[in-house]
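So the protein sequences, as listed, match chains A and B. Residue numbering for the first sequence follows my numbering, beginning at -6 and increasing consecutively. Residue numbering for the second sequence follows my numbering, beginning at -6 and increasing consecutively.
For the record, the hints were derived by calculation from the structure and aren't laboratory data. Hints may contain errors.
In this list, chains with the same sequence are indistinguishable; a pair is considered to hold if it fits within one copy or across any two.
[Stated by the list, open to error] Here are the computed lysine-lysine pairs in the DSSO-like style, where the Cα-Cα straight-line distance is at most 27 Å:
1. Lys217 with Lys355
2. Lys206 with Lys9
3. Lys(-5) with Lys9
4. Lys162 with Lys21
5. Lys21 with Lys9
6. Lys355 with Lys51
7. Lys21 with Lys206
8. Lys21 with Lys258
9. Lys51 with Lys163
10. Lys9 with Lys355
11. Lys51 with Lys21
12. Lys162 with Lys9
13. Lys162 with Lys136
Protein chains: 2
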Amino acid sequence: MKAIVISIGNELLSGKTVNTNAAFISGKLHELGIETLRVVTIGDDGAAIQRQLAEAVKQADVVITTGGLGPTHDDITKRAVTEFFGSRLVFREAILRNIEERFRRRGVPMPAVNRNQAMVPQEAELIDNPVGTAPGMLFRRRKTLIFVLPGVPREMQAMMQEFVVPFLKKQGRLEPIRVWQYRTTGIAESRIYQICQDILEEFRDYEVAFLPKFTGVDIRVAVKAASPNAGRFAEFETELYRRIGTYIYTQGEEELEAVVGRLLKEKGLTIAVAESCTGGLVQDRITNVSGSSEYFLGGMVTYSNESKMKFLGVREASLKTHGAVSDVVAREMAVGVREAMGTGIGVSTTGIAGPTGATPEKPVGLIYIGLSAGETLLARRFVFTNDRRLNKELGAQAALEMVRRYLLGIPIENNTTK
Amino acid sequence: MKAIVISIGNELLSGKTVNTNAAFISGKLHELGIETLRVVTIGDDGAAIQRQLAEAVKQADVVITTGGLGPTHDDITKRAVTEFFGSRLVFREAILRNIEERFRRRGVPMPAVNRNQAMVPQEAELIDNPVGTAPGMLFRRRKTLIFVLPGVPREMQAMMQEFVVPFLKKQGRLEPIRVWQYRTTGIAESRIYQICQDILEEFRDYEVAFLPKFTGVDIRVAVKAASPNAGRFAEFETELYRRIGTYIYTQGEEELEAVVGRLLKEKGLTIAVAESCTGGLVQDRITNVSGSSEYFLGGMVTYSNESKMKFLGVREASLKTHGAVSDVVAREMAVGVREAMGTGIGVSTTGIAGPTGATPEKPVGLIYIGLSAGETLLARRFVFTNDRRLNKELGAQAALEMVRRYLLGIPIENNTTK
């Protein structure tokens, strides 16, 4: 089955609102094995709505529109759709009672304008809106199903989950599909592609998408049940891990800090962090995980040399001889914060986030990350070539990845982004 | 002028990635007075790309495509576009050297697959990519300009700002429009609307958009040169400031931390931060500002009670009597970090980010923020009702806003979100 999504609303075309609805809908359809051919975003414009509907019912089995069902003057989807299907608006007492009831529960009198929402196309099957006042509508044109939903994300989502998805499942025209992903960090998209080219060719019927973010590449795999290699998941995975397994930190949606947190809990270890160039971001990420207080005791942001000496015991001689941005100081910071906080692991960052502060030997984006854990004491050198914020993000990611690698006994390389 | 945006990428049709690019682009076009007729999102599918291009060049003066310019097998936009314009791919040495240079600076060998990116359509004018390897392209078809940009948001944004927008401005076909914004924090959208309703009515020809984010509301104003009230900017602004001026932290794009940084520099003051529930986020934000080392000396993330006592001198009695999440402890933390770091200002956060850790008296989202500066010593209580990440973000925002208010002599309220 193929789908087309039509998003309606002027606010989507003026940069005011990001179209998150389309991603939600196409994600739900994808899970059902329904391919979205395209998403078309148009304004509150009757002619444009009808033009796009005409195109869509010719090409798709499922058409989903969102937006323009509100009670005010600029919401014209209902009128446009009614006209398109050659139907006419009729008053439905039950809908009005439902809307009145919603306002009563909120303790607010119903504005007269909401009465309009009880007028619906005679031909439409109505879709109950469990969280708002505008009902959804279902039309049929030959084999094509047309769902007309409101644009408020909460309302649309509720109707997708409670009505549209179960309805589509019952159609019996779905092709079962399996979707999963691997999240990697420290390896570039082009390098993964190079190393894995042979598997991608062998499993040509697997739809493999590389989703590069600055902090890593997510690899998403989709396979239809009827695919020739559908039964060879395990083999595919083994081959993938043989090539890039050390870079994969999760097979789900987990963030790297959650993976590190889980490993720390499993091993009963605690951690402290001393940050210079990343400025608190490593600790911010660690504490995004609920329950992180079990293993994260605290840390420092030592931006000045004085604070590095006073709180972390970094030696003045090290700062003078090697500079604050050096492997020597990174190691001393890691040891210092571990001792100060009394944790099993100490990790540190020191570098030049930019855009200022560079010297001929020390370019913007140069970052040293230190690790003190058990008998291990090391520092690794990274050079990122981005702006200040991204250099901080890449540094924080590399620091967390260093901890993950240590906890799993994976070798820790100098510059993990290849 | 009218525009059509074509977003290309399978990840946009599988629900994996939200199409933020389209909103960015149509927002920029809106500022130029260019109306976006529609956004069409399609997969990495040559035939679909060519079909949409054919439609678009017929209807729009400006067509902008994003996505599909990466080096790997699923990036086919370049080929599809080249074919569409009846052009052919030629090798450009200068691009290859540029790509090689990017990899060299990162200290990483260039994968062979990146060589493809130096092949470009003969007919295209190239658009420099200041932050990535894929160049953009400009084609012309009669009066229509077609910009082909990469899908990585940072790359697309840089090319929009540095090339596309200035280029369109020079076309001389634009209707002059003035767009500016006020950024507020600590006041809800509905409250702004209520207080400012009379100005909005008086300046009905001003297009005023409220852009609510969780940390504040940006107020964007657009006025066409030919508008009746076009000459009354100053009056509009005076009236706005009379009503909500204390909540406006900038009239530009500046982030709150940049505003705070500027004020600290102007007054020659330094700052230190002690964070509990915000986990490093306040310091992360402060250090996002280039040059922040001039006034930010450092700080602590004291997640455990022990670290609050050891590094900040919080008294055991205070922790026992009032608990770590209390105004007493917030004040002691602020004083403690100010003394430890020897700064003019100390600011602190302590609270329950959630979802666990609440008690009957102390709900999730309860945060105390402390401030010690000059003779001032105070703590303010906030209750946020969101998830862990958002509670952290709201806490960090409130802490920065407290410093801004102190520096400007604006009264500091208990819960600044009304």
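Status of the hints after comparison with the structure:
1. For a Cα distance limit of 27 Å, the shortest separation of Lys217 from Lys355 qualifies neither inside one copy, at 51 Å, nor across copies, at 49 Å.
2. For the homomeric pair Lys206 and Lys9, the shortest alpha-carbon distances inside one copy (23 Å) and between copies (11 Å) are both at most 27 Å.
3. Only between protomers do Lys(-5) and Lys9 lie at most 27 Å apart by alpha-carbon distance; the minimum there is 18 Å, versus 30 Å within a single protomer.
4. For the homomeric pair Lys162 and Lys21, the shortest alpha-carbon distance inside one copy (11 Å) is at most 27 Å, but the shortest distance between copies (41 Å) is not.
5. In the homo-oligomer, the alpha carbons of Lys21 and Lys9 lie at most 27 Å apart both inside one protomer (25 Å) and across protomers (10 Å), since each shortest distance falls under that limit.
6. With identical chains, the CA atoms of Lys355 and Lys51 are never at most 27 Å apart, being 61 Å at best within one copy and 52 Å at best between copies.
7. Proximity of Lys21 and Lys206 under a CA criterion of 27 Å is satisfied in both settings, with 19 Å inside one chain copy and 23 Å between copies.
8. With identical chains, the CA atoms of Lys21 and Lys258 are never at most 27 Å apart, being 32 Å at best within one copy and 47 Å at best between copies.
9. In this assembly of identical chains, Lys51 and Lys163 lie within 27 Å of each other by CA distance solely inside one copy; the values are 22 Å within and 41 Å between copies.
10. Taking CA atoms no more than 27 Å apart as the test, Lys9 paired with Lys355 passes in neither setting, with 37 Å inside one copy and 37 Å between copies.
11. In this assembly of identical chains, Lys51 and Lys21 lie within 27 Å of each other by CA distance solely inside one copy; the values are 22 Å within and 34 Å between copies.
12. Taking the closest pair of Cα atoms, Lys162 and Lys9 come within 27 Å of each other only across two copies (21 Å); inside a single copy the shortest separation is 34 Å, beyond that limit.
13. For the identical chains of this complex, Lys162 and Lys136 are intra-copy neighbours only, at 15 Å inside a copy versus 48 Å across copies, given an alpha-carbon limit of 27 Å.
The structure fails hints 1, 6, 8, 10 (numbered hints given earlier, in ascending order).
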